[in-house]
Amino acid sequence: MHTQLPIPESATTSDSTSLDFATINSVNLPLLLKWWQQQKRVAGLRSHLNTTLPKGDKTYLSAYYRLMEVYSVVKAGGVQAQKEAAEGFAERELSALNQRLHEIEVSPNLLADEKQKERAKIEQELEELRQANSWRSQMLCNITPAEESAVKAYLSDIEQTLMQTRCL
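Positions 6 to 173 (the working numbering) are the ones given, in order, by the sequence shown.
Mixed in with the good hints, there may be bad ones.
As the list claims (entries may be wrong) - DSS-like mimics (lysine-lysine), calculated; alpha carbons at most 30 Å apart, straight line: (1) 88 with 157; (2) 80 with 122; (3) 157 with 39; (4) 39 with 63; (5) 63 with 157; (6) 157 with 80; (7) 45 with 80; (8) 45 with 63; (9) 88 with 126; (10) 45 with 157; (11) 80 with 63.
It should be emphasised that the hints constitute simulated quantities derived from the structure, not laboratory data.
Whenever a hint applies, use it, and build me the whole structure from the sequences.
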């Protein structure tokens with residue numbers, strides 16, 4: 006049973022660019038879900054999503070991407086849980102890479118130039134790990150507590166709206 010989402014009077018407008026979709030909140034979230042339902046109906050009529058969006062829909066599409074970012078974090082336990090998971094993963098990977106560096110250094114079977122090549126590979130992996138961890142941390146820090154709360158509050162509506170697809 007799907008609950009009709011309340012759309013605040015102050016939020017209804019024909020010009021989506023006047024709405025603030027910079028963050029997900031309880032005002033724009035119902036509008037975004039309503040837009041998604043309309044897009045699915047149109048796509049169902051055409052049997053595929055149109056590659057060009059009508060004027061104003063790019064704002065909604067950007068907000069939809071943001072909603073999916075926040076939704077995926079909420080579904081995976083929330084910002085704090087994801088921060089802890091990312092930190093734990095980074096620590097385990099860092100430990101394994103440092104262990105590998107140590108093994109390279111003490112290996113009697115590797116020549117100096119082989120050790121240098123192996124160290125360079127590990128250093129590259131370390132840099133990629135730092136970059137990935139930095140990106141993930143920044144993405145998680147960009148999710149405000151208000152966004153997380155709004156998505157949690159509308160979780161059932163989001164799932165019902167986004168998961169209502171018909172296979173033809």
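Evaluated hints:
| no. | hint | verdict |
| --- | --- | --- |
| 1 | 88 with 157 | holds (18 Å) |
| 2 | 80 with 122 | violated (41 Å) |
| 3 | 157 with 39 | holds (18 Å) |
| 4 | 39 with 63 | holds (15 Å) |
| 5 | 63 with 157 | holds (25 Å) |
| 6 | 157 with 80 | holds (9 Å) |
| 7 | 45 with 80 | holds (23 Å) |
| 8 | 45 with 63 | holds (15 Å) |
| 9 | 88 with 126 | holds (27 Å) |
| 10 | 45 with 157 | holds (23 Å) |
| 11 | 80 with 63 | holds (25 Å) |
Taken one by one, the earlier hints fail for this structure only at number 2.
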